[in-house]
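*Asks:* Listed below are the residues making up each chain.
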Amino acid sequence: MSTLLERHIVELLQEQNEKAISLLYEHYGDTLYGVAFKVVRNEELAQDVLQESFVKIWKKGNSYDSTKAKLFTWLFRITRNTAIDKLRSLSTKSDKEIQIDVSDVYNLGVESIRPEFMDIRQNLSKIEPKYQIVLDALFFQGMTQQEASDELEIPLGTIKSRLKIGLRELRKIYGSGVLLLPMIINIL
Amino acid sequence: MKEKIRIFLDTDLLEKYLLGTTTLEESHQVERYIAMYPEVRKTYEELQENLETFAKLHALKTPEGLKNRILERIRAQQTGRRRFQRFAIAATIAALLFAGSSYFFYNQSQNLQQENTIVNNKIKTLEADMRSQLEDVRNQFIVLNNPSTRKFMINGNKKARELKAVAYVNPVKKLSYINVRNLPNLPEDQCYQMWAEVNGEMVNLGVIKDIQDKDKLMALPYAEKAVSYITIEPKGGNNTPTVQNIVANINF
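So the protein sequences, as listed, match chains F and G.
Quick note: the first sequence uses the working numbering, first residue 1, plus one each step.
Quick note: the second sequence uses the working numbering, first residue 1, plus one each step.
Next up, chain F with everything else stripped away, as it sits in the complex (with noise of 0.2 angstroms):
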């Protein structure tokens, strides 16, 4: 399923070869930093979660087995944990506790006055809120369906048709063939 990019990237990765992460940059950074944005809500630190994320990705970059996940899923998976061990960390070194609250969930509002973040809207706003409280408590949260049905107080049932229909749509937006064809283009 990896992508001749991604096939390339691993390669040079492994083999400590500093242009992995510079390309790793190119193509994932502006969505990890939106996924290290999206737990930690502060640009700061945000920042800091991305650098300590690219760090472990440099070090850990042996460990990576495509056969078990994809790229994607790995850096995803890296960039989230390092975002919620920041969290932790503040929240236990400082009286102002920041946590991942449900409320986060509905809280689409924040980020939507600041310019940059517009295309981002244009986009969510293809799927309805509804669909994507439910799959952010998936991705994002972390959330079971069943712990998403409990917090939301939305049945379990409902979660589930939700859920798919949202990643329905998701795909709609995103064809993954249109996702691929400029990193297709930029290693040609």
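These are calculated hints, taken from the structure and not from any lab test.
Since we're looking at a predicted model, the values are computed, not measured.
Glycine included, each C-beta is placed from N, C-alpha and C at the ideal position.
Heads up, some of the hints might be wrong.
Claimed, not checked - Subject to a maximum C-alpha distance of 16 angstroms in a straight line, what follows is the list of computed EDC-like cross-link-like pairs (lysine to aspartate or glutamate):
| hint | chain 1 | residue 1 | chain 2 | residue 2 |
| --- | --- | --- | --- | --- |
| 1 | F | K172 | G | E46 |
| 2 | G | K16 | F | E44 |
| 3 | F | K70 | G | E46 |
| 4 | G | K42 | G | D12 |
| 5 | G | K61 | F | D48 |
| 6 | F | K70 | G | D12 |
| 7 | G | K67 | F | E44 |
Stated by the list, open to error - Covered stretches of chain F, going by a simulated chain G footprint (3 or more residues, C-beta under 8 angstroms):
| hint | region |
| --- | --- |
| 8 | 12 to 25 |
| 9 | 43 to 56 |
| 10 | 63 to 71 |
| 11 | 129 to 139 |
| 12 | 161 to 173 |
Using the hints, position chain G against chain F.
*Replies:* Same frame as chain F, but now just chain G:
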């Protein structure tokens, strides 16, 4: 089997695995299911695609300069690592050298110890030899120097005219010695043997080994009116003397 897969997919374990929040044991279970059931594998792959798509929806423009900061940190890591590698290589070489030289010196010390033991044993044997020989010489000197010791010159008979021997007899101390000075050459298959007649019986005193024993005194059993003989016998000696081959007769 279908039921088993459905139950597994309902547990959300696959989703937890996707986000990397499973325990090691759970991860193994999920990986087993992915490997075994194409349906699970397909779901996992779809989830991965969806995760990437959904995450891309939330992509944010990274601030200027962040890329360089990250690359700088990685370069710093790398030089640190290189320095450590260089240090590790140097340390390994040093350790190997040390191990090698330790082994060499250990071996050498073992060898020296062995040699030391051998030399010590040799010295002990030599000492014992010297002591006994000195003792012999002293005893002989005492006998020879004794005023009552008499000296007999012995010549061979016609069969061995060149045979010359000296015998010392001390009747007070009841000791007698013989010193064979010269023996005529014999064919390869023959040798000289010495005998003594004690109380009417012939006692074998052994084969005389060439002229090497030139200065050696040989003790003879002492008896009043003892008779000793030297005979020519087949090589290796004989059990009884061959009377017709008597070459010398020592009669005190």
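*Asks:* Look at each hint and say if it fits the structure.
*Replies:* Cross-check of the supplied hints:
Restraint check for K172(F) and E46(G): the C-alpha separation of about 14 angstroms stays at or below 16 angstroms, so the hint holds. Taken as a hint, the K16(G) and E44(F) pair is broken in the structure, with Cα atoms around 28 angstroms apart against an allowance of 16 angstroms. Simply put, K70(F) and E46(G) have alpha-carbon atoms about 11 angstroms apart, close enough for the 16 angstroms limit, and the pair holds. The hinted pair formed by K42(G) and D12(G) meets the criterion: a straight-line CA distance of about 15 angstroms does not exceed 16 angstroms.
About 15 angstroms separates the Cα atoms of K61(G) and D48(F), which keeps this hinted pair within 16 angstroms; it holds. A hinted pair counts as satisfied when its Cα atoms are at most 16 angstroms apart, and K70(F) with D12(G) does not qualify at roughly 19 angstroms. Taking the CA atoms of K67(G) and E44(F), the gap is near 14 angstroms; set against the 16 angstroms cutoff, the hint holds. Beta-carbon proximity to chain G at under 8 angstroms applies to 5 residues in the region 12 to 25 of chain F; the threshold of 3 is reached and the given coverage holds.
Check result for the region 43 to 56 of chain F against chain G: holds, 7 residues qualifying (beta carbon to beta carbon below 8 angstroms, three or more required). Interface restraint, the region 63 to 71 of chain F with chain G: holds (3 residues with C-beta to C-beta distance below 8 angstroms; minimum three). Counting residues of the region 129 to 139 of chain F whose C-beta lies closer than 8 angstroms to any C-beta of chain G gives 3; at least three are required, and the coverage claim holds. Closer than 8 angstroms: that is the beta-carbon criterion, and the region 161 to 173 of chain F has 4 residues meeting it against chain G, so the requirement of 3 holds.
The structure does not agree with the numbered hints 2 and 6 stated previously, though it agrees with the rest.
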